[in-house]
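In order, the protein sequence lines correspond to chains C and L. What the first sequence shows, in this note's numbering, is residues 1 to 144, in sequence order. What the second sequence shows, in this note's numbering, is residues 1 to 416, in sequence order.
If you are wondering where the hints come from, they were derived from the structure by calculation, not from laboratory data. All residues carry an ideal CB built from backbone N, CA and C; glycine is no exception. Check before you lean on any hint, since a few could be wrong.
To be verified - For the chain L half of the interface with chain C, some residues (derived, Cβ under 8 Å), not all of them:
1) L335
2) E339
3) T349
4) L395
5) A406
Read off the chains here:
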Amino acid sequence: MSSAFNRRRFLDAILGAGFISTIAAVAYPVWRYLIPPVSGEPATQSVVAAQASQVKPNSGLVFKFGSKPGLLVRTPDGELQAFNAVCTHLDCTVQYKPDTSQIWCACHNGTYDLQGNVVSGPPPRPLERLVVNQRGDEVVVSRT
Amino acid sequence: MAAGTTAAVLVLSASPVNAQTTANQCLVCHASLPDAALAAPAKAFPGDVHQQRGFGCVDCHGGNAATPDKSQAHNAARGYRGKPRGPQIIATCARCHSDPELMHKFAPRQRVDQAAEYASSVHGKRLAEGDLGVATCVTCHGAHGVRLVNDARSPAFPTNVAATCGTCHSSAEHMKSYKLPNGSPLPTSQRAEYERSVHYAALAGQRDMSAPTCNDCHGNHGAAPPGVSSLTTVCGTCHTVFQTKFATSVHAQIFEKACIECHSNHAVLAPSDRMLGTAKDTVCASCHEDKDDPGFVGATKMHDSMERLTSAVDSSAALIARVKNDGMEVGDQELALNEARTKLVLARTEVHMFDPAALDAIVNDGTKILAGVDQAGTKALGELAYRRRGLFVSLGVILLVVTALALKIKDLGKEQ
Chain C
1 MSSAFNRRRF LDAILGAGFI STIAAVAYPV WRYLIPPVSG EPATQSVVAA QASQVKPNSG
61 LVFKFGSKPG LLVRTPDGEL QAFNAVCTHL DCTVQYKPDT SQIWCACHNG TYDLQGNVVS
121 GPPPRPLERL VVNQRGDEVV VSRT
Chain L
1 MAAGTTAAVL VLSASPVNAQ TTANQCLVCH ASLPDAALAA PAKAFPGDVH QQRGFGCVDC
61 HGGNAATPDK SQAHNAARGY RGKPRGPQII ATCARCHSDP ELMHKFAPRQ RVDQAAEYAS
121 SVHGKRLAEG DLGVATCVTC HGAHGVRLVN DARSPAFPTN VAATCGTCHS SAEHMKSYKL
181 PNGSPLPTSQ RAEYERSVHY AALAGQRDMS APTCNDCHGN HGAAPPGVSS LTTVCGTCHT
241 VFQTKFATSV HAQIFEKACI ECHSNHAVLA PSDRMLGTAK DTVCASCHED KDDPGFVGAT
301 KMHDSMERLT SAVDSSAALI ARVKNDGMEV GDQELALNEA RTKLVLARTE VHMFDPAALD
361 AIVNDGTKIL AGVDQAGTKA LGELAYRRRG LFVSLGVILL VVTALALKIK DLGKEQ
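Bound conformation, chain C alone (with noise of 0.2 Å):
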């Protein structure tokens, strides 16, 4: 009786603690979805920007890059260039002028050259540049 009663108890525990560490491992990923960790959106590293055939020389194009625009150029010596295209002053987007073959903001009038450098206006900094490759017809932007 007495062997038979501390059998029952053993597997008990046994059963509970079992039966404990199944709920852990449902109500843990359970409270995770429910209260994620607030972590940043993993930078795109790489996207198809465009069709190279639908870039002419000298213009410019505003594609997405992840979260934010980026710029793809093709400058008037037929060349691709891709930046990142937030203006480096106060986050606007900036876009590609024909007219001057330079990059410009329209809020305060800033300029790059097309190597993403500050011409003029108060951008502080260059632009970010992204690195250009093609793929057949497809023009892939990529960070490194």
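With chain C held as given, fit chain L onto it using these hints.
The following block gives chain L in isolation, referenced to the frame of chain C:
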């Protein structure tokens, strides 16, 4: 002809080659003098930019540096001039600094029109009238410890300019004899006001050397107050877009002091949307008090427009941040939010046209973008709530099964 010969002799005497050939007895003697005023120049000169380029005491003071005998060293026959004062200082510096050929040897990029500019300045004009209390070259650059302007120790280095100008212009005692053209006393609060400004914060706080200090608006060698008619041009040197917008506005014809009517001159504070409108603390209200005044109506409209866009941007940004934190993909909405923020910056620029309709057009573009962002954000929240409901239902089912399983096992145990 005589003047030309004199200039040639002076330039030859300024040659650093002559000064290097023998020991500088001026320094030896003056450094040991008990009178601090006479000893200080000898102690300061070794770090001087002129000394580093081979110039000596005699190049400015004349005399003979090769002898320890005072009577020979201070011999007028050897061109000894003593301490230059007033116009003599300008002439002494200009001998080299207005000579393009000489300056080309030492600083090819340096301008050589400083003396001409100085003559056009308020300082230069008053000096020409005999006022020896005005600033000359040495007042701003120093006399015996002169540093290059791009040397942070120079009194003319951008971060030191306000203090340098303030030496005289902040001194009520020094400025008491000077009056404005209308006869009122010249203020001495400029430096204190400037040090409260956004320009000073950028220059001294953020070490932004492109931020303006006194000489960027007043000129340096040609220092003079900007005339009323050129105020927008002076501010527009950096703030080009605002100058262009303002020039088309109705205020361009009305404001006597252009930009500074709203932004002040020396105490240019960080602009804010709160400046706009008809509340008591707004700048518009200082002129537009009457509710029937078109300016009052326009200011109210512009304030409301800006308020509409700023609150919409804040609200949408909060929504998207919440949705993003809940794990939903909002890349497109963040992109649109950036675009709306660009419209907000553009709207703040457009305010300087003082045209409520033009401002409203930009604000409407922004709010239209934000309406799309809000719609997508709300939809994402709905999707999130749906997923959570599904999760709770499935969780309930799992718990039910586990409980049933436990009871079943218990029953089985009893049967055995």
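Going down the list of hints, with the structure as the test:
no.: 1; hint: L335; verdict: holds, 6 Å
no.: 2; hint: E339; verdict: holds, 6 Å
no.: 3; hint: T349; verdict: holds, 6 Å
no.: 4; hint: L395; verdict: holds, 6 Å
no.: 5; hint: A406; verdict: holds, 6 Å
Violated hints are absent here; each numbered hint is respected by the structure.
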